[in-house]
Amino acid sequence: MSPRKSLPDNTPGTWELADSIGITRKEYDHVIAAMKRTPSFAELGVFSAMFSEHCSYKSSKKYLRRFPTKGKRVLQGPGENAGILSIGQGWGVAFKMESHNHPSFIEPYQGASTGVGGILRDVFTMGARPVASMNALCFGEPSAPRMKSIVQGVVKGVGDYGNCVGVPTVAGQTFFHPCYNGNVLVNAFTAGIIHEDHIYKGFASGIGNAVVYVGAKTGRDGVHGATMASKEFNTEEAPDRPTVQVGDPFTEKLLLEASLEAMRLGLVIGIQDMGAAGLTSSSFEMAGRAGTGLEIDLDKIPAREKEMTAYELLLSESQERMLLVTSEDRLKALHAVFDKWDLHAEVIGTVVEGDRVKMWKSGEVVVDLPVTLVVDPLEDPRPAASPDWLKPLWDFSAEKVAAQTFDKKLSILIDDIHFAEPLPLTLQYDSTVGNRTEGGTFDDGAVIRLRDLGPSAPRLAFSVDCNPRVCYLDPLEGGRRAVAESALNVAVRGAEPIGITDCLNFGSPQNPHVMWQFQQCIEGISLACEALEIPVVSGNVSFYNDTDKKPIYPTPMVGLVGVMPAETYLPLSTFDKAGDVLVLVGPLEGELGGSRLLSGVLGEDRGRPSQTDMALVAKTIRFCQEVCATQKGFALHDISDGGLACSALEMSFFRGEGLLGCEVEIPAAANADRFLFGETLGRVLVSASADTAKALQSVATKYGLSVQTIGRVTADAKFDVTQNGKSVLSTSLSASYSQWKKKWEPLFT
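Going letter by letter, the sequence shown gives residues 326 to 1074 in the numbering used here.
Below 30 angstroms or equal to it, Euclidean Cα-Cα: the simulated DSSO-like pairs (lysine-lysine) are:
| hint | residue 1 | residue 2 |
| --- | --- | --- |
| 1 | K386 | K683 |
| 2 | K683 | K542 |
| 3 | K351 | K874 |
| 4 | K902 | K1019 |
| 5 | K902 | K1068 |
| 6 | K1043 | K1019 |
| 7 | K542 | K657 |
| 8 | K578 | K542 |
| 9 | K902 | K1027 |
| 10 | K386 | K874 |
| 11 | K733 | K1043 |
| 12 | K386 | K397 |
| 13 | K631 | K657 |
| 14 | K481 | K578 |
| 15 | K1067 | K473 |
Across the chosen pairs, the derived CB separations fall in these ranges:
| hint | residue 1 | residue 2 | range |
| --- | --- | --- | --- |
| 16 | L590 | G413 | 21 to 31 angstroms |
| 17 | G413 | D667 | 30 to 40 angstroms |
| 18 | G531 | K351 | 33 to 43 angstroms |
| 19 | G679 | P717 | 50 to 60 angstroms |
| 20 | S736 | D667 | 52 to 62 angstroms |
| 21 | K395 | K657 | 35 to 45 angstroms |
| 22 | S736 | K875 | 24 to 34 angstroms |
| 23 | S687 | L590 | 31 to 41 angstroms |
No wet-lab data here; the hints were simulated from the structure.
On a predicted model such as this, the values are computed, not experimentally measured, just so you know.
C-beta: ideal position from N, C-alpha, C; glycine also.
Can you build the whole structure from these sequences, using the hints too?
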């Protein structure tokens, strides 16, 4: 890209130049027809960034309209920096999840750290103080080229940035699969607390108001980052490292405090992060939302490198920068705030009437464009087609599964890399900074108490989830299950699921099979949200996660927020004491299609996943909420990946030293494989005293849920399973526990 960046800004933007920076012929002709002239090179840069898939959503808008986005709690839906839901007592929670996939593969540490920085800014630009972060990481096989260093770089980048800013990383998901060998996924989530009367938005409102650049200086890092994120990888071409931004969490912390202080003092009218496409996106989008124009002098932008062109200033994605709008009478006080925090606050322009953004460099007009032409690009409906290779994958050899002993089946699951203590990873994250985090660090859903809002303030619960294996085998079910699993994860902590954000990671939209997967996942997410009456309030689409035309598995990550009263009991997620009763709430059996066991036995992902019964999930959620509101002294764990067997082992292993085991009796009428290893959602494992178990069973019956006592917790560190009085499997947990604890250590040493 360096030869193009060296061109004068007013060089005529020919079709050849447009093509070289990712603009299609159709888009170029559309621009020429609308402008009735040839754009300049600097203007081509604007179109290249804003027409990129990453910024324009030109292939996905058609499908995203399917999402349910309304609800009684919705204060801000999709379209702003973050969505906001009411949590009561005049407060709201602002949250969003975004991807930083391509940068994290090219430069793992900086890619991941700046992904965290960007999502933090999306939240505090709304006026919210960030209180919790999560992440969803998808890596290739640990033995794949570069993968160990990528894992280490990404995890350190996530940890360093969040730890330095002082926002706890409270939960996450980590998944390994060969489909990510050439395209790792780094999805970052942040939530913040905001007063309902102090919500700020990205509007450039008020004719004559000042446009102010605040934060760090602009450099050449990240130029064309949005365009790079809208292209496939190719092993024949080296990735463009200068497109990756460089983060500074200490400056971010200053920017966070300065921005929130300026908002608290009423000095801000509109504000937006300079994220993807930098100054270009923030200026045009703020003007577009407000229906105004802007005049900007690019020479007034604080630059850390000499002789930067307009093209570079417009497209740089240097971190820790914001664009805000304020009135002339507030400028002095605004400068005082940012001076106090040792940050730049430079007036670079003015809000004007009309529908144009004009920009000057060295006294010359280098950009003069209609706002609507830039922010309303042509949609690009892509053909979608169901792949003919999918349905044959639904068939699998039941005989091959049945031929394995139960000891062998359990061993397959215990040997799986996903059955591992995540401590080598999570230790790099500060999960308790801010003194809000409650419960253990391995719980299904994370919980924080909003102590600074008073003793009666509600608590928040968070979960992030997606099963890419299920999404590959049945994209509609994969989307539905991502929502259902996230909802169950917060429900077993006692919370009511209230809304989601998403991060939709897919291959190239030019592949009809990928577009079919995308549409199906959207439909599945929508059906689940409608069934649970929870809205989608924000999100992100990441296409072009391919290498050499080979796409990743469809991976629609769902980040979910729940709310719970301050006095709600926070259940254990581990066995408490020997003699406690084990109770299964929900169906006796789960299905094996798409399960972890089936992939382990067959050596490939096969079988059609069971279709989640959302009415059952809704009943299970209500059951969990009621027992947490009325009972105490019990443990809850939802059953999903690995089935009941893995859930029981996790309840043992997460307890730590002094392992407790369990005895499980499979009901006579149940299929042992489906009982132990099936992954159908809506099943919950309960551990409680006999008296408490009876009370919980009564609540389950009230909601029409199947409930059965299946065993007890034992002092012996063993997992004993019987059926009809005969042993099905019996194993000591000590060796498995040691393996579970050490499995991820080689990745971080």
